[in-house]
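Asks: Sequence:
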Amino acid sequence: NVDKHRVRVLTRSRPKALSNFPVKDYLRIVIAEEAEWRNCIQGSTAAINLVGLPISTRWSPEIKKEIKNSRIRVTSKVVDLIHGSQDELRPKVLISATAVGYYGTSESRVFDEQSPSRNDYLAEVCREWEAAALRVNKDVRVELIHIGVVLGKEGGALAKMIPLFMMFAGGPLGQAIVD
1 NVDKHRVRVL TRSRPKALSN FPVKDYLRIV IAEEAEWRNC IQGSTAAINL
51 VGLPISTRWS PEIKKEIKNS RIRVTSKVVD LIHGSQDELR PKVLISATAV
101 GYYGTSESRV FDEQSPSRND YLAEVCREWE AAALRVNKDV RVELIHIGVV
151 LGKEGGALAK MIPLFMMFAG GPLGQAIVD
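Taking UniProt numbering, I'd label the letters of the sequence shown as residues 1 to 179.
FYI, nobody ran anything at the bench for these hints, they're computed from the structure. A few of these clues could be false.
[To be verified] With a cut-off of at most 25 Å between alpha-carbon atoms, the simulated DSS-like pairs for lysine-lysine come out as follows:
1) K92 to K16
2) K64 to K4
3) K77 to K24
4) K92 to K77
5) K4 to K65
6) K65 to K77
[Unchecked claim] Simulated restraints, written as ranges between beta carbons of each label pair:
7) P15 to F111: 19 to 27 Å
8) V30 to R109: 21 to 29 Å
9) F165 to A131: 18 to 26 Å
10) V149 to K4: 43 to 51 Å
11) L89 to K16: 38 to 46 Å
Positions of the beta carbon are idealized from the N, C-alpha and C atoms, including for glycine.
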């Protein structure tokens with residue numbers, strides 16, 4: 001609840017962050033560019049890392065490199081800033097998102113947190129991304145979450161699928177199994 005907490009959005013692009021979090025709508029949100037990250041991390045209760053270049057583009061060798069670097073470089077920087085915080089100002093928890101691409105795909109297998117990663121590019125990115133987060137101080141709890149396909153009207157997979165459905169070229173999206 002933003003009313004009870006101050007949310008600090010760490011970004012490399014203030015205009016992009018402001019388009020996602022208009023200050024007039026989110027009065028308690030602070031938008032901070034990279035030079036301001038240290039001050040935002042120190043004194044925070046938690047750091048939530050949702051960073052990464054979207055993977056919904058064509059993967060040239062340069063894009064693949066940026067997909068990986070955008071996650072690992074920023075996660076490493078956040079971890080380094082947490083390391084550099086005084087004990088009493090250090091966040092108590094780091095929540096770092098990676099992707100369900102860690103597990104790969106299967107039509108018959110159910111994956112859970114103990115399932116091994118696949119041996120492909122996305123799984124490699126996830127393993128390195130998680131390893132960067134796990135370097136955090138031992139007194140900081142780390143929670144790794146695997147996020148699935150992003151479905152938003154303005155971005156992610158849904159924006160690309162809607163035109164197909166409007167032309168009656170779409171089909172069922174599948175069946176989720178949720179415990």
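Asks: Compare the structure with each hint and give your call.
Replies: Hint check:
{"no.": "1", "hint": "K92 to K16", "result": "28 Å, violated"}
{"no.": "2", "hint": "K64 to K4", "result": "39 Å, violated"}
{"no.": "3", "hint": "K77 to K24", "result": "29 Å, violated"}
{"no.": "4", "hint": "K92 to K77", "result": "17 Å, holds"}
{"no.": "5", "hint": "K4 to K65", "result": "39 Å, violated"}
{"no.": "6", "hint": "K65 to K77", "result": "17 Å, holds"}
{"no.": "7", "hint": "P15 to F111: 19 to 27 Å", "result": "37 Å, violated"}
{"no.": "8", "hint": "V30 to R109: 21 to 29 Å", "result": "43 Å, violated"}
{"no.": "9", "hint": "F165 to A131: 18 to 26 Å", "result": "38 Å, violated"}
{"no.": "10", "hint": "V149 to K4: 43 to 51 Å", "result": "31 Å, violated"}
{"no.": "11", "hint": "L89 to K16: 38 to 46 Å", "result": "28 Å, violated"}
Comparing the model with each numbered hint stated earlier shows that hints 1, 2, 3, 5, 7, 8, 9, 10 and 11 do not hold.
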